[in-house]
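J.: If you want the building blocks of each chain, they are given just below.
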Amino acid sequence: MNRQSELYQVFENENLILARAKEVMAQADPNKNADQVCAEYGLLTKSYAQLLGDVKLLTSVSDRLQAKINKASQQTSRKDGELALALAQLENERAGRRAFMLVMGLATLFFVISEWVIDPQLQRHTEILGGHAAVALKSVVALALYPISQALKNNLRKTSVKK
Amino acid sequence: MENFYLEETSKTPKLSFDAQTGKFLMSGRSIPENSIEFYRPLFEWLDEYVTSYKQPTVFDISLEYFNTSSSKCLVEVFRRLEKVGGQQVAINWFYEEDDEDMQESGEDFKEIIDIPIKMQVIVN
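Which chain is which? The protein sequence lines are A and B, in order. No gaps in the numbering here: position 79 of the first sequence is 79 in our numbering, and each next residue is one more. For our numbering, add 1000 to where a residue sits in the second sequence, where the first one is 1.
It is possible that some hints are incorrect.
Straight-line Cα separation of at most 25 angstroms, SDA-like style, residue types lysine to any residue; simulated pairs [as the list claims (entries may be wrong)]:
#1 B:Lys1011 with A:Ser73
#2 A:Lys56 with B:Phe1078
#3 A:Lys56 with A:Ala67
#4 B:Lys1014 with A:Phe11
#5 A:Lys162 with A:Ala88
#6 B:Lys1023 with B:Glu1007
#7 A:Lys138 with A:Met104
#8 A:Lys56 with B:Lys1023
#9 B:Lys1083 with A:Phe11
No wet-lab data here; the hints were simulated from the structure.
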């Protein structure tokens, strides 16, 4: 059943009343059936009053339903915003953790290389400054760890956003 | 005359109409795809009920939500019950304490129906 047919059926009584009124009007003759027409007019007036009441109710119900839909829509939009924010924060955390792990790995690698290769070389070639040079080099690397970590985190975040 | 009973679904209400005791119940949600198709069997049952039984009838309505076409069908149900006559029919309109929409809907029906409708609040 299409939408029009369904609406017709919902207002079946009203359609019957209208059809009857039209029929009466088609047969109306003031000289012959004035009383009948008058009686029918009375019935039609009563039906109209009833229909008016129904329309007021339907309008009221419809307005309330619309307000409910609007409220639900606003809530959905707000939740969408909160979800997007939570996802961004989660992505940020994830990128931060990955960057930290990478930097820790690099630091460990540097430490190992430093102990096996760099420190002995520095000791051999700079007898006066060897120890200080090693400490200075390691200090520079240690200080660089944080900016490297932040740069990696930003890069990882940008990469995940592009995906 | 057999009783009229339909189980509740996600879109249609529970309908329990006992012809012998005159106890009627409608509860749940009423948002059927085609309201008239859903309610027509009830209309036909009520048409038979009002001609066969002239007894006190109590109709409890506890709906959480209904669409516009369902409200028209509810009016049709009430109009049929008006034919039972006199003060034989009473309607209890139940609504949750914080559900202003259902409360106002009940008040709207009170305006147009010639049957006493008693507003019954469900305290949470």
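J.: Now tell me, hint by hint, if it's right for this structure.
T.: For each hint, the structure was consulted:
Straight-line distance between C-alpha atoms of Lys1011 (chain B) and Ser73 (chain A) comes to about 20 angstroms, which keeps the hinted pair within the 25 angstroms bound. The suggested pairing of Lys56 (chain A) with Phe1078 (chain B) holds, with an alpha-carbon distance near 16 angstroms, which does not exceed 25 angstroms. With a C-alpha separation of about 17 angstroms, the suggested pair Lys56 (chain A) and Ala67 (chain A) falls inside the 25 angstroms cut-off, and the hint holds. This hinted pair checks out: Lys1014 (chain B) and Phe11 (chain A) have alpha carbons roughly 24 angstroms apart, not beyond 25 angstroms.
Of the pairs offered as hints, the one joining Lys162 (chain A) and Ala88 (chain A) holds, with about 13 angstroms between alpha carbons and a cut-off of 25 angstroms not exceeded. Between Lys1023 (chain B) and Glu1007 (chain B), the direct Cα distance comes to roughly 16 angstroms. Compliance with the 25 angstroms bound is thereby established for this hinted pair. For the hint pairing Lys138 (chain A) with Met104 (chain A), the CA-to-CA distance comes to about 14 angstroms; that is within 25 angstroms, so the pair holds. With a C-alpha separation of about 29 angstroms, the suggested pairing of Lys56 (chain A) with Lys1023 (chain B) is violated against the 25 angstroms cut-off.
Restraint check for Lys1083 (chain B) and Phe11 (chain A): the C-alpha separation of about 19 angstroms stays at or below 25 angstroms, so the hint holds.
Of the numbered hints listed earlier, the single one contradicted by the structure is hint 8.
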